[in-house]
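Asks: Each chain is listed here by its residues.
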Amino acid sequence: MPQVTLTVNGKSASVEVEARTLLVELLREKLALTGTHVGCDTSQCGACVVDVDGVSVKSCTMLAVQADGAKVTTIEGLAAADGTLHPMQEMFREHHALQCGFCTPGMVMSAIDLVKSHPEGLTEAEIRHGLEGNLCRCTGYHNIVKAIAAAWPLMHGKAMPAAAE
Amino acid sequence: MNAPFEGIGASVRRKEDLRFISGGGHYTDDINRPGQLHAYFRRSDRPHAKIVSIDTAGAAACPGVVAVYTAADLAAIGGVPCGWQIHSKDGSPMAEPKHPVLAEGKVRHVGDPIAVVVAGTRQQAKDAAEKLDIVLEDLPSVSSVTDAVAPGAPRVHDDVAGNICYDWHIGDKEGVDAAFAKAAKVVSLDLLNNRLIPNAMEPRAAVGDFDPMSGEYTLYTTSQNPHVIRLLMGAFVLQIPEHKLRVVAPDVGGGFGSKIYHYAEEAMVTWAAGKLKRPVKWTAERSESFMSDAHGRDHASTAQMALDAEGKFLALRVSTLANMGGYLSTFAPAVPTYLYATLLAGVYTTPVIYCEVKAVFTNTVPVDAYRGAGRPEATYLLERLVDTICHDTGLDRVAIRRKNFIAPDAFPYQTPVALQYDSGNYIATLDAAMKAADWAGFPARRAAAKARGKLRGIGMSTYLEACGIAPSKLVGQLGARAGLYEVANVRVHPTGSVTVFTGTHSHGQGHETTFAQLVSDQLGIPVSQIDVVHGDTAKIPFGMGTYGSRSLAVGGSAMVKAMDKIIAKGKKIAAHLMEASVDDIEFKDGKFSVTGTDKSRTLGEIALTAYVPHNYPIETLEPGLDETAFYDPMNFTFPGGCHVCEVEVDQDTGITSVVNFVAVDDVGRVINPMIVEGQVQGGVAQGIGQALLENAAYDAEGQLLSGSFMDYTMPRADDLPNITVGTESTLCTHNPLGAKGCGEVGAIGSPPAVINAVIDALKDFGVRHLDMPASPQKLWAIIQSNRPRMAAE
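Listed in order, the protein sequences are those of chains A and B. Everything in the first sequence is counted per numbering that gives the first Met the number 0, starting at 0 for the first residue and increasing by one. Everything in the second sequence is counted per numbering that gives the first Met the number 0, starting at 0 for the first residue and increasing by one.
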């Protein structure tokens with residue numbers, strides 16, 4: 000069986016997996032990082048989104064062997080070592096952007112990538128479009144959109160440009 | 000020092016969120032037991048077929064396989080039971096065919112489980128399941144209710160003639176006939192309530208475990224009501240006594256009703272764990288969820304309203320065919336009867352009503368309660384009928400509603416269909432919603448949209464629902480095979496912190512916060528000193544779970560009752576300590592004090608005394624401060640309100656955009672406004688989904704066409720607007736909190752508001768009615784077929 004060596008949340012891991020093992024299965028079953036969820040089998044729901052080398056990836060759609068040598072960040076790796084939450088996590092809590100919590104890890108990971116990749120700012124329509132790949136059945140997205148808009152200034156260290164608001 | 004206000008009415012941020020935003024949630028699929036095996040179900044890909052043979056040898060020989068089971072192995076266990084019995088018009092009990100854990104002799108819907116493979120890993124079990132040699136012989140099949148009741152239709156169950164589970168009715172048939180005979184006007188409408196697939200984001204999962212030393216079974220499962228599962232599975236399927244069966248439902252990732260029911264997979268993994276003496280785990284793949292989670296809605300109805308010359312409703316006549324699917328799910332028979340037809344008065348004074356309902360078996364996945372359960376179907380029917388009356392008569396949509404409203408001073412109000420409403424003010428919610436939606440300014444917005452080439456429409460629904468389910472005696476008379484009280488155990492620890500054990504559950508509603516606020520308010524201690532525990536039959540005395548917007552109205556009331564007992568006992572202890580009469584002790588803000596003096600003791604001091612009873616009235620009072628209450632509600636609760644939806648339809652694509660949505664609801668007492676707003680927004684999103692996007696599509700034979708997120712249109716962020724939520728509350732008069740419930744109002748009130756808006760947008764196209772979902776292709780076809788006419792005009 001292939002050996003996969005990767006860095007997950009700053010820690011090195013080396014595990015033997017079946018070739019068909021998905022990255023999400025490696026995370027959940029081999030590394031017991033159960034914060035990353037599986038909500039579908041067609042890459043639609045986004046509950047499994049993690050960061051692989053700086054890009055948000057649906058970990059149900061990537062083979063574990065493809066992540067060999069990669070740096071992976073999961074929801075468990077977002078908070079600082081002292082427990083300080085990532086601004087996106089904090090804003091999700093502040094704006095009640097989660098109910099059952101099942102989509103939340105993938106939603107937070109996607110949202111962080113969305114904000115990072117839009118240093119010019121984000122309109123509400125752009126946030127909604129940017130969430131195309133993530134399903135939430137509880138919130139109606141209203142508060143998720145608010146949380147992401149509120150996290151943008153915290154992540155970029157400046158006010159959202161007026162044009163984007 | 001001013002501590003932040005955390006009691007009733009504060010938008011306290013949720014206690015449960017830290018674990019959910021940190022990846023620390025604890026869902027069923029996160030559980031792995033030592034020595035665990037994995038189950039994979041081989042399911043029918045045919046809607047209806049005879050099982051000719053099953054050869055398990057090939058699968059059993061696969062690597063890692065420990066066992067392969069079929070119905071032949073389960074002869075000693077019972078079928079999945081139904082929790083509600085309806086009687087037909089003629090007094091006969093409903094047809095209740097056996098619902099086997101694994102299909103016996105026949106499969107009756109796509110997804111019906113035929114065999115299960117248990118192996119060392121999930122992949123091994125799945126690989127081996129492909130080697131099962133199953134020979135099926137197709138039988139004629141049927142998926143729609145109208146086809147299923149047609150003469151000569153294929154029978155889903157050989158012994159159920161005409162596929163009729165029951166033929167039930169309610170109301171005054173003769174009275175309605177008489178009123179129709181003298182009506183100035185009768186308006187009729189045929190309508191479908193489209194079948195939905197709940198699609199909680201967490202797929203169902205179950206882990207069975209067995210301890211051969213104690214003989215104790217444990218089931219970890221994705222359930223909204225673990226005690227109910229213990230009762231149904233233990234007593235009816237596996238014959239395991241309750242003291243040897245523990246059911247744990249940890250964090251549950253959404254349910255919306257679909258996780259109320261006892262499912263075959265739960266029984267299968269529990270039974271297999273006992274047989275194999277090893278834990279057995281199953282987690283649904285999403286495609287399995289589509290064909291095995293109970294679906295929702297699926298009604299075909301005819302509605303007729305008799306009116307006088309001024310538009311006053313004289314009588315309502317309704318006939319409904321309700322799809323049950325291939326077997327009866329746990330609460331299925333109650334949904335199109337007592338959760339539906341009893342709601343047909345709505346917010347109106349219609350004096351006589353008659354409704355008949357035929358529940359129909361088809362070769363489809365079982366149908367049961369989904370967010371709102373019967374009440375959305377009743378609301379949709381009524382509110383579409385009201386707008387259709389206006390279409391046919393030219394009466395104003397707002398004026399006709401006002402004319403027929405039950406007046407604010409008419410409560411308690413007895414409807415002609417069994418319910419007695421305790422409180423409400425439909426004028427207040429209507430006025431508030433119209434103001435928030437700027438109903439008056441709509442013509443200008445329509446004109447502006449027209450200038451942009453868009454068709455703009457506005458619609459409303461004024462509705463009510465019955466929830467806070469439910470008085471046990473009443474539901475017993477109506478056929479429930481269980482009581483529907485709720486249980487709370489309030490444990491004040493020796494140092495004054497509190498753990499509350501509740502028999503309800505949370506699958507996202509924030510109970511750990513709302514209930515803590517409730518306790519904080521009554522006992523006067525900070526939320527941080529209160530933990531709420533649910534979801535484990537080993538920890539909680541008993542409980543009926545979460546559904547029917549009952550958790551606060553019924554479960555919260557049980558907590559109030561338990562805390563009343565805590566306070567009553569605390570007063571006796573305080574009286575002893577302060578050498579006063581019990582009658583002179585008052586409890587306020589966490590302190591017991593002697594009236595008219597400055598003497599007082601904190602709750603913590605009283606608790607410590609209760610657990611260290613050195614100076615204590617030990618002859619007359621037991622030590623400890625731990626009380627349990629069972630609360631059985633006196634009546635249903637009746638939330639209601641007004642939803643206003645504004646849409647724009649693109650003429651070139653047929654796409655409907657919801658440009659504004661306002662929900663003003665009366666949910667009774669609000670504990671946490673932030674959570675209530677979130678509940679309503681989520682419910683409205685599901686209602687907009689039903690109205691515009693979602694549809695469980697079957698072909699005529701029963702093949703499921705919408706079997707994945709690629710085919711079933713879930714609402715996404717860019718399909719939905721911001722949802723403005725307001726509350727205009729009157730208090731429930733019969734529970735100690737005044738709470739009515741907020742979990743379902745969004746999904747109940749919204750679909751007709753959306754469709755009424757879409758039809759308003761199409762008013763120049765001669766559209767009287769269209770069935771949900773108002774999909775782009777449906778609207779595009781309407782617009783295209785009318786274009787020549789429009790151009791000619």
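One or more of the hints may lead you astray.
Quick list of the computed label-pair ranges, beta carbon to beta carbon [to be verified]: (1) A/MET159 <-> B/LYS587: 52 to 60 Å; (2) A/SER116 <-> B/GLN238: 56 to 64 Å; (3) B/SER471 <-> A/ALA12: 47 to 55 Å; (4) A/GLN65 <-> B/SER471: 28 to 36 Å.
To be clear about the criterion: a stretch of chain A counts as covered by chain B if any three or more of its residues have a C-beta under 8 Å from a C-beta of chain B, and this derived list gives those stretches [unchecked claim]: (5) 45-55; (6) 61-69; (7) 151-160.
These are calculated hints, taken from the structure and not from any lab test. None of these values were measured; they are calculated from a predicted model. Note that CB positions come from ideal geometry on N, CA and C, so glycine has one too.
Asks: If you test the structure against every hint from before, which numbers come out violated?
Replies: The structure conflicts with hints 1, 4, 5, 6, 7, although it agrees with all the remaining ones.
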